[in-house]
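Asks: Now for the letters of each chain:
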Amino acid sequence: MDLNYSPEDREFRATTRRWLDANIPKQDLKTLDERKAWHRRLYEAGYVGMLWPKEYGGWGATPMQQAIVQDEMARISAPPAINGLGIGFIGPTIIVHGTEAQKKRYLKKMLTAEEIWCQLYSEPNAGSDLASLKTRAEDQGDHFVVNGQKIWTSSGPIADWGILLCRTDAKVAKHRGISCVLLNMRQPGVEVRPLKQITGSSLFSEVFMTNARAEKSDLIGNTNDGWAIAQTTLGFERGGNALGRVTRYVTAFAQLVKATKELKRGGKPLIEDPSVRARMGRIYADLEVQRYAALRVLSALQKGDAPGAASSITKLSYTEFEKRYYELALEILGPFGQTMVAREEFEEVDTSSGEPGTFATAFLWSRAGTIYSGSSEIQKNIIGERVLGLPKEVRADRMKA
Amino acid sequence: MDFSFSSDQQLLKNSARAFLDEHCKPATVRLLWDDPRGESESMWKEMSQLGWLGLSLPEAFGGSGLGMVETAILLEELGRAAYPGPYFPTVLAAAAVDAAGTDAQKKRWLSAIATGDARATVAFLDSDMDWDPASLTTRAEKSSKGWTLSGTKRFVPWAHVANVLLIPARAPEGPSLFLVDPSAAGLKLSPVQGMDLATRWVHLEMDKVPVAPEAVLGAPGQAAPLIGDLLRRGAVGAAAEMLGAARRCLDMAVGYAKVREQFGQPIGSFQAIRHKCSEMLLEVENSHSAVYYAAWAQDAKAEDHELAASVAKAYVGDASRKVCGEAIQVHGGIGFTWEYDLHIYFKRAKALESMYGDVDYHREQIVRRAAR
Numbered sequence: 001m002d003l004n005y006s007p008e009d010r011e012f013r014a015t016t017r018r019w020l021d022a023n024i025p026k027q028d029l030k031t032l033d034e035r036k037a038w039h040r041r042l043y044e045a046g047y048v049g050m051l052w053p054k055e056y057g058g059w060g061a062t063p064m065q066q067a068i069v070q071d072e073m074a075r076i077s078a079p080p081a082i083n084g085l086g087i088g089f090i091g092p093t094i095i096v097h098g099t100e101a102q103k104k105r106y107l108k109k110m111l112t113a114e115e116i117w118c119q120l121y122s123e124p125n126a127g128s129d130l131a132s133l134k135t136r137a138e139d140q141g142d143h144f145v146v147n148g149q150k151i152w153t154s155s156g157p158i159a160d161w162g163i164l165l166c167r168t169d170a171k172v173a174k175h176r177g178i179s180c181v182l183l184n185m186r187q188p189g190v191e192v193r194p195l196k197q198i199t200g201s202s203l204f205s206e207v208f209m210t211n212a213r214a215e216k217s218d219l220i221g222n223t224n225d226g227w228a229i230a231q232t233t234l235g236f237e238r239g240g241n242a243l244g245r246v247t248r249y250v251t252a253f254a255q256l257v258k259a260t261k262e263l264k265r266g267g268k269p270l271i272e273d274p275s276v277r278a279r280m281g282r283i284y285a286d287l288e289v290q291r292y293a294a295l296r297v298l299s300a301l302q303k304g305d306a307p308g309a310a311s312s313i314t315k316l317s318y319t320e321f322e323k324r325y326y327e328l329a330l331e332i333l334g335p336f337g338q339t340m341v342a343r344e345e346f347e348e349v350d351t352s353s354g355e356p357g358t359f360a361t362a363f364l365w366s367r368a369g370t371i372y373s374g375s376s377e378i379q380k381n382i383i384g385e386r387v388l389g390l391p392k393e394v395r396a397d398r399m400k401a
Numbered sequence: 001m002d003f004s005f006s007s008d009q010q011l012l013k014n015s016a017r018a019f020l021d022e023h024c025k026p027a028t029v030r031l032l033w034d035d036p037r038g039e040s041e042s043m044w045k046e047m048s049q050l051g052w053l054g055l056s057l058p059e060a061f062g063g064s065g066l067g068m069v070e071t072a073i074l075l076e077e078l079g080r081a082a083y084p085g086p087y088f089p090t091v092l093a094a095a096a097v098d099a100a101g102t103d104a105q106k107k108r109w110l111s112a113i114a115t116g117d118a119r120a121t122v123a124f125l126d127s128d129m130d131w132d133p134a135s136l137t138t139r140a141e142k143s144s145k146g147w148t149l150s151g152t153k154r155f156v157p158w159a160h161v162a163n164v165l166l167i168p169a170r171a172p173e174g175p176s177l178f179l180v181d182p183s184a185a186g187l188k189l190s191p192v193q194g195m196d197l198a199t200r201w202v203h204l205e206m207d208k209v210p211v212a213p214e215a216v217l218g219a220p221g222q223a224a225p226l227i228g229d230l231l232r233r234g235a236v237g238a239a240a241e242m243l244g245a246a247r248r249c250l251d252m253a254v255g256y257a258k259v260r261e262q263f264g265q266p267i268g269s270f271q272a273i274r275h276k277c278s279e280m281l282l283e284v285e286n287s288h289s290a291v292y293y294a295a296w297a298q299d300a301k302a303e304d305h306e307l308a309a310s311v312a313k314a315y316v317g318d319a320s321r322k323v324c325g326e327a328i329q330v331h332g333g334i335g336f337t338w339e340y341d342l343h344i345y346f347k348r349a350k351a352l353e354s355m356y357g358d359v360d361y362h363r364e365q366i367v368r369r370a371a372r
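Read top to bottom, the protein sequences are chains A and B. Residue numbering for the first sequence follows the numbering used here, starting at 1 and increasing by one per position. Residue numbering for the second sequence follows the numbering used here, starting at 1 and increasing by one per position.
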């Protein structure tokens, strides 16, 4: 056990810090083009696609280096890169399962955010039970004709391409008749309707596919291999944001401390109230433990240990923590925890994904974490079955006919 | 950055597990419940032969010169076995002698502890039960022959079997530490028994207990930093032991959920049980991160070593309470019976929850450091 950062990692952190200090955008990025330009600069500096192999335009860096970059960006509230789903999940899927032609066509433009990607997985009636999805793809020889509806599609409104899970065989068991294919979002048969989230922004959407066309050459793996491919995608947890996330929590804690020094109860600063102190002590212990756990994950990744189902523990831990954290902050802040536009400096907080906002936006956003990428309940099923080895539950869709 | 155990550390863990599985079975623990001393002499001797008592003592005194991480590894296993005996109070007192003792004091006590010939303990709590080292009420007064100590010490672990008591007291110069002979005049020991019959506490009444000048540990009035350091080591060690007890409870709950059938199914197949077990595992894994981060931070004198000790004790206190309690719930009625072994570990975690600073004390330490 040695929890010191290696000299190389410390040097890398210093270099990253210098680069970010010199290059961080002076103004807020308002348009997609501005964000793409910032993304491009991050990429060219070696801070995007860090884990991708060099032959596909990546940087072949270590998980620790990637986490350090995210940590340094969080430290100074730098705007995050975009195309996160593409670079974090879809690209690696293509690298592992795709053809040479697919890699050549898609990967570089994904890295540079010339093309934005979305994930077309969930459907109105296929959420946690993703394998029951109904979107059909009919084999037309050189292409598929796709009909159906997807929902909760992040980045849908700005996406150029999507990775689609669709049913190619309705006669076999539901997990066996699914294929994975790349879909051009910029075609008449694809309609994207933004969905407004409880934060008020529209980062996700519904996607309607009406006789949309997907090329056979864009099939990932073989027909009906989609479920297995999706499983590897869902299992990607590279700890990229592990440190940055915690740094954002720490920054928010400093803001909370600032607030409790300015606000008063009974004529005395809130920070002197024993009940406030006890709650803040409890949540800070919780926060520090998320940091230790992040270091543990990064240490395992560094050694090449695949976290596998154990990554469900990590996801469950920090997403549930984040809800407790912002709930507590709002309890302490009173009406100041409700404001969506900051008037006082202590109200300004970045969400865990790095979007600027207030305690209220971070609080609202914390409700998403325990739902997306497999809800907390699904994570607990995975932990129970695959880590603890508890027996599978009896489910109607697993019963023999 | 390497959060995993080295191969030597893993070896230590494995050998501790193997030893305790054989020599500290639940039946062994039960037998000692009724023993007046409450510990096994032969187990103590074997532990010293395994090098556990000198684990973090210098090689010159028969020790292995290892650190808090290794101590935590052992304590986790001891907690997992609900080991009954003065292991941790002894090594804690030894660490103090090692840190601040004179050559004579080290010669007198460290070799004897490493060989298993002496046991020791630390008396942190005064009559008003304040964990804050700044509010010591036990008094040390100068006398013609050295010092006299007067006051009350509560919940002193295993003092009835100790050969030496390490007693913090307030001298005119300030907080000081004294090595006290348990048979000294004016010192009265009486047993205090909590719900964990394998944890023994002693109530100490001191009325002008004479202490020789050479029994002061470190300079009189200068002991505050060392007492703080001991309390932090105590907190990390207790957290490690609670982690072990919690892991045992989790293992028992999961094992039971796999075989116990209701409604024609193993109860572990029901989400109500499976989700509970998953949450318990989450708490155990986070506790592991907290304990070993804190242990490493003490060894490395990391910038945040004080914070980390309090985080570990506060977090694992909450976590072990939840995990051990839920283990009873998963078991149902059998988990509430005296004959079933689960309560042995449940009670061990409970006995440590309020020692070496309770959750409230450590939360306050955390806020002092995090909310400046």
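Among the hints, erroneous ones may be present.
[Said to hold, decoys possible] Per label pair, the in silico range of CB-to-CB distance:
hint, chain 1, residue 1, chain 2, residue 2, range
1, B, E339, A, K303, 52 to 58 Å
2, B, M129, A, G334, 57 to 63 Å
3, B, S143, A, G334, 45 to 51 Å
4, B, Q10, A, P53, 30 to 36 Å
5, A, E114, B, Q10, 44 to 50 Å
6, B, N14, A, G304, 18 to 24 Å
7, A, E114, B, Q329, 51 to 57 Å
8, A, Q197, B, Q222, 40 to 46 Å
9, A, G334, B, G194, 38 to 44 Å
10, A, E100, B, E22, 39 to 45 Å
11, B, S15, A, N4, 33 to 39 Å
12, A, S132, B, E339, 54 to 60 Å
13, A, G334, B, Q329, 31 to 37 Å
14, A, A309, B, A272, 49 to 55 Å
[What the hints assert, rightly or not] Covered by chain B, per the in silico footprint, the following chain A stretches (three or more residues, Cβ under 8 Å):
hint, stretch
15, 38-45
16, 56-70
17, 89-100
18, 180-193
19, 281-288
20, 292-305
Think of the hints as simulated: they come from the structure by calculation, not from any bench. Values in this document were obtained by computation on a predicted structure and should not be read as measured data. Virtual Cβ for every residue (Gly too), placed ideally from N, Cα, C.
Asks: Are the hints correct? Go through all of them and say.
Replies: Here is how each hint holds up against the structure:
no.: 1; hint: B:E339 / A:K303: 52 to 58 Å; in the structure: 44 Å, violated
no.: 2; hint: B:M129 / A:G334: 57 to 63 Å; in the structure: 35 Å, violated
no.: 3; hint: B:S143 / A:G334: 45 to 51 Å; in the structure: 58 Å, violated
no.: 4; hint: B:Q10 / A:P53: 30 to 36 Å; in the structure: 32 Å, holds
no.: 5; hint: A:E114 / B:Q10: 44 to 50 Å; in the structure: 48 Å, holds
no.: 6; hint: B:N14 / A:G304: 18 to 24 Å; in the structure: 23 Å, holds
no.: 7; hint: A:E114 / B:Q329: 51 to 57 Å; in the structure: 55 Å, holds
no.: 8; hint: A:Q197 / B:Q222: 40 to 46 Å; in the structure: 59 Å, violated
no.: 9; hint: A:G334 / B:G194: 38 to 44 Å; in the structure: 41 Å, holds
no.: 10; hint: A:E100 / B:E22: 39 to 45 Å; in the structure: 58 Å, violated
no.: 11; hint: B:S15 / A:N4: 33 to 39 Å; in the structure: 27 Å, violated
no.: 12; hint: A:S132 / B:E339: 54 to 60 Å; in the structure: 47 Å, violated
no.: 13; hint: A:G334 / B:Q329: 31 to 37 Å; in the structure: 36 Å, holds
no.: 14; hint: A:A309 / B:A272: 49 to 55 Å; in the structure: 21 Å, violated
no.: 15; hint: 38-45; in the structure: violated (count 0)
no.: 16; hint: 56-70; in the structure: violated (count 1)
no.: 17; hint: 89-100; in the structure: violated (count 0)
no.: 18; hint: 180-193; in the structure: violated (count 0)
no.: 19; hint: 281-288; in the structure: holds (count 6)
no.: 20; hint: 292-305; in the structure: holds (count 9)
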